[in-house]
Amino acid sequence: MSGEVRVYGGWRDDLGLKVIPTRRLARDVYEVFIGPQHPGSGHMRIIIRVDGDVIVEADPDIGYVHRTMEKLGEIRGWIKPIPLFERMAIHDACNITLPYVRAVEKLMGVEAPLRAKYLRVLLCEINRIAAHLYGFAIFGVFLGHSTMYMWAMGDREVFIQLAEELTGARLTHSYPIPGGVRRDIPQGFPDMARRAVKYMRKRLEEYRKIFLDNPVIRSRLEDVGVIPKRLAAELGIVGPNARGSGIQYDVRIIEPYEVYDELDFEVPVYTEGDALARTYVRVEEIRQSLRIIEQVVEWLEKKPREPIVDESIYKKYPPLHKKILESQGRAKLLPWMATMKVPAGRAIGRGETGRGEIIYYVESDGGMNPYRVRIVTPSARNAIAFKYALPGHRVMDLPAIYGSLDYFPPEADR
Amino acid sequence: MEEGKVYVGNLDVAAKRARDILLGKLKLEKVVDWANAFSLWPVHLTTSCCSTEFAATFGPRFDGEQFGALPWVGPRQTNLIVIEGTVTRKMACAVRVTWEQMPHPKYAIAMGACALDGGLFYNSYNVVRPWEVIPIDIYIPGCPPRPESVARAIVELQRKIRGRRVASSWIREGWRPDRDYVAPKEDYCAWQKTSPLLERV
Amino acid sequence: MSLAEVAAAIIGWPPVWQVLVIGFLGSLVIAVLAVWFERKAAARVQRRLGPYWASPRLGGLLHLIADMVRYAFQYPIIPRTVDLIPFLAAPIAGMVIALLPLAVVPFTSNPAYWPLPPSAMEYSLLIALAIVTLPPIFIIAAGWASNNPFAVIGGVREAFIIVAYELIAILGFLGAAASTGTFNLVAIVEAQGGIMWLAILNPLAFLAAFIAIVMSTSAFPFEIPESEPEVVAGPFTEYSGLLYALNMGGAYMRRFALSIILALTFLGGWYPLVPGEGLLMGYILPSVVVVVKAVIVVLAISFLRAVYGRYRLDQALDLAWKILLPMALAGIALGLFEASIGLT
Amino acid sequence: MSGAELVEGPRDYEATLKAARARAESALREAGISFSVEEGKGFVDLVVDVDSIVKAAEALKNAGFTHVVSVTAVDYPKKKSIKVAYHVTSYLDPEIVGGIVGLAVYLPREAPEMPSLSGVWVSAEFMEREVYEFFGVTFKGHPDLRPLLLIPELAEKRPLRKDFVVREESIYEGVPERVRRG
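Residue numbers (the working numbering), protein chains in the order written: chain A, 0 to 413; chain B, 2 to 202; chain C, 16 to 359; chain D, 368 to 549.
Heads up, some of the hints might be wrong.
As the list claims (entries may be wrong) - Taking lysine-lysine pairs in the DSBU-like style, the calculated list, with each CA pair at most 35 Å apart, reads:
#: 1; chain 1: D; residue 1: K408; chain 2: A; residue 2: K79
#: 2; chain 1: C; residue 1: K55; chain 2: B; residue 2: K161
#: 3; chain 1: D; residue 1: K447; chain 2: A; residue 2: K340
Stated by the list, open to error - To give an idea of the chain C side of the interface with chain B (calculated C-beta under 8 Å), a few residues:
#: 4; residue: Q61
#: 5; residue: R63
#: 6; residue: L64
#: 7; residue: H78
#: 8; residue: A81
#: 9; residue: V84
#: 10; residue: F88
#: 11; residue: V247
The hints are simulated quantities; they were obtained by calculation from the structure and are not laboratory data. The beta carbon of each residue, even a glycine, is placed where N, CA and C say it ideally should be.
For reference, chain A alone in the conformation it holds in the complex:
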């Protein structure tokens, strides 16, 4: 390799941004396969080449959890893909299915009633907090901080319990359906939610003490895995990772869906672009989600109950199901939904999950099945960040960067 300039860091501004070619490697670098059975990789493999202790090249080898969602989505009618797509990010279930439901709604020309919209937002925010806490837990264990793992996992149970009270399922809620949601809030839910919010606020302070302001953790995260703003925009990374790099982008603001334009919340943006900034964005987002939950719960408590499905669908309900809907607030799925047809057309539905923007491209030919469902999950878009963020760092920074990107392979592989 003598006589050749080695550019660590993968990209340089004066050279212009170029695609890093992979697999052209000198013989004096060491190749390490990290994954798929590896505590620092999850369900993926990162092939890194190290020169001494410095990563010169990273090649994310994903696809270990590719469960063919796009193909299966084409053969299951319009309703059954909802539980299917939920499995991509099982701890962020409402966020990840809502955009699909909205795309179908756009094609069908129906819209959820206001109360259903508030309920969707409520579950979305509960899920967002749970997803961020899961990310913290994994991050903690990556940095060797088992207490952070346990605390975040334990506090996540609070919000899982909240979602279970609301929907009846721990993780796989299948809550939004085209034209509405499946359940109204149960008795006593608002108080429970307020207690959870209060508890979580208190815990965030304790997280700050033991994790975020811990000198060891801070020194591991500061100036590590820096993704500058311009690079972040070129790579198209999404969610807290983009917002940690100073990109002011949140689907809840850009394309306010459901009732996000009526709620009072802020979208935190940090400009450093390092692992610590990405972590702080998540902490702030938990705070904002707690605010949203408070507002939504108050709204739901004040307003009288109304049917939680669209009128055009409500009309088709048989009397018994109407009675159940009105007395118990439970919207039954009807048999015709399994074979319903959706007018031909194309629609893009998108939403902000805990990890960033998810996009569903849904195409219908007027039949009983979607003609094509293209899913672009946030982790799938973040995967490319490994290739550009890892080179130039030490091997010991790999878990810190991986954890701060909050990458979830089942979501990325679809």
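Put chains B, C and D on the given structure of chain A with help from the hints.
Below, chains B, C and D alone, put in the same frame as chain A:
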């Protein structure tokens, strides 16, 4: 005995004699079974999305560690493998290799409907059944199973090990007769030989 | 002289006794206790139960015994690609040498029970320190012999860490020697009986020595060679069964041996107990006091896991070279100063 | 750590989309590329010729569309074509931020081939690999064209094409033919 090596004895013969003495004459079967039952360390192998519930099992609310199960990193030091959901074609090889890297006696728990028979993905082209890849001891139904049922599966496995003397008889015999009905490794790992990923320059 | 008497004489000879009974058996018990404490304390901080159901009355202590028995009976896998002799020898030699310092440390001021003759006792601290720094070499050997990328990286990290902490440990302990003006461990302990423990008189040297112990036995936050998310189990990735248990036991034994030296040099040794005549008062009770102090140090190190994350390698080395090394040197200077004004 | 900046309040997506569309159309016109428009709900597709797609992509990039959100391919066996659409948007331009515009091209179903746009948009690299393995579209000039998610033998079957059939899900599955007829 190869040439050029210091004499260390025939390890297999020595090990066999040692386990005959320990298990046969000293009657240590019960101790071994007890120790195996209360020291089930699952290896870190996340195959799919059930891993979130598996992670929750070892969180504070359910605390799987109270049964002596401590999630561990390397396959060499563990004795339990938990298949956390769907196993894809690409992952099957990793599952098999991990299983083979673990020292026996070792056990496997299959978690979730996907690990039973494909579950929601039963007609997917990229999904294999875990019981074709490695022999399974305990199945947990559910999609995903609740953490309680994972803890329950660990307890069931403990009961199985102690009740049927699984560990001690495995050590004495050297193999488990009911564990050999899995497909050959080439079925799942052959693609790696042709994979463009592993091309060297 | 019958055979039993010969055996009793050999076991009763202080160096053998100290290595085998206090060292090996003691540290086995202490390793179990320390791991148990580590897991239980972490569980308490993390709001859960920790190991429990094997023996609810003992708080799950038997789970650790179960782990040991399970390791002992698991089939040890020796991969075909390893370098066989170092692979097998490294854990055994590492463990034995980790305990050897105990053959030279005194547990009492009664000369009848010293492991070395009084003339050699003059240099007991130096001898102990010389042996203490050996075992990490076998960890590197284990990593290298495993022929596995993770093990090699882990071994290289261990090498980096050795170079950094070895010097600090020795300089830290020499701070105690400087304070008291002798390399004789008995004299160092005796000096602390009069006024105060050296940990308080010479905190710089004490802190340097303590952190060096934490680093050398790769406990949190310096658990770098075995750092899981990057290098699986570091040098021990390929070890299974009994060999792995020996490796892990070796780390705890080294921690225990170093803690005993720390207890003697900085924590007042057998004081407040003044050794008298006879086996009980002259040897057993003083050594119990020393061991209890060492156990407290071991448990304190175990507790760090619940609080801290893991340093990066270069940050740990930074800490070692830029902060701890000057601190240890300052400790020596402080010790000399104290000795010159006659404080100790 | 600098304090958190905040994004300004909710925006009107319809207006953003309109602006993005106008920007993209004018950029293509300036570059002298002919295109046709396919409407969708929440986005718009600009269909161009295969030969001019690199030029069109460069024009869009210069007009401020920073990254690709999705390389969407759809198989139309009846029309004997595969549509590949690069849905692009911008992060940095406050006027069009988030507005999705598609740059689409129709390729023949037999041996589909097109120039890679990963040189223009870095973010397209992995998505092009995906389209390659699922539809068999070859991207000329791609730096690293190999399957991303699938094992090679499955990738050769091009699973997302319509003629790759998986077992259908049906309420009658497993029921004997006699019973099924009633």
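Cross-check of the supplied hints:
Proposed proximity of K408(D) and K79(A) is supported: the alpha carbons are some 22 Å apart, at most 35 Å. At roughly 27 Å between alpha-carbon atoms, K55(C) and K161(B) fall within 35 Å of each other, so this suggested pair holds. Our distance criterion of 35 Å between C-alpha atoms is met by K447(D) and K340(A), whose separation comes to about 25 Å. The closest approach between the C-beta of Q61(C) and any C-beta of chain B is roughly 6 Å, which is under the 8 Å cut-off, so the hint is satisfied.
The interface hint given for R63(C) holds, since its Cβ lies 4 Å from the closest Cβ of chain B, which is under the 8 Å cut-off. For L64(C), the shortest C-beta to C-beta distance to chain B is roughly 4 Å, which falls under 8 Å, so the interface hint holds. Because the closest C-beta pair between H78(C) and chain B is about 4 Å apart, less than 8 Å, the hint holds. Of the supplied interface hints, the one on A81(C) holds, with its beta-carbon coming within about 4 Å of a beta-carbon of chain B, less than 8 Å.
Nearest Cβ of chain B to the Cβ of V84(C): about 4 Å, under the 8 Å cut. The hint holds. Proximity of F88(C) to chain B holds as hinted, the smallest CB-CB distance being about 5 Å (cut-off 8 Å). Hint status for V247(C) relative to chain B: holds, with the closest Cβ pair at about 5 Å, below 8 Å.
In terms of the numbered hints stated before, the structure departs from none.
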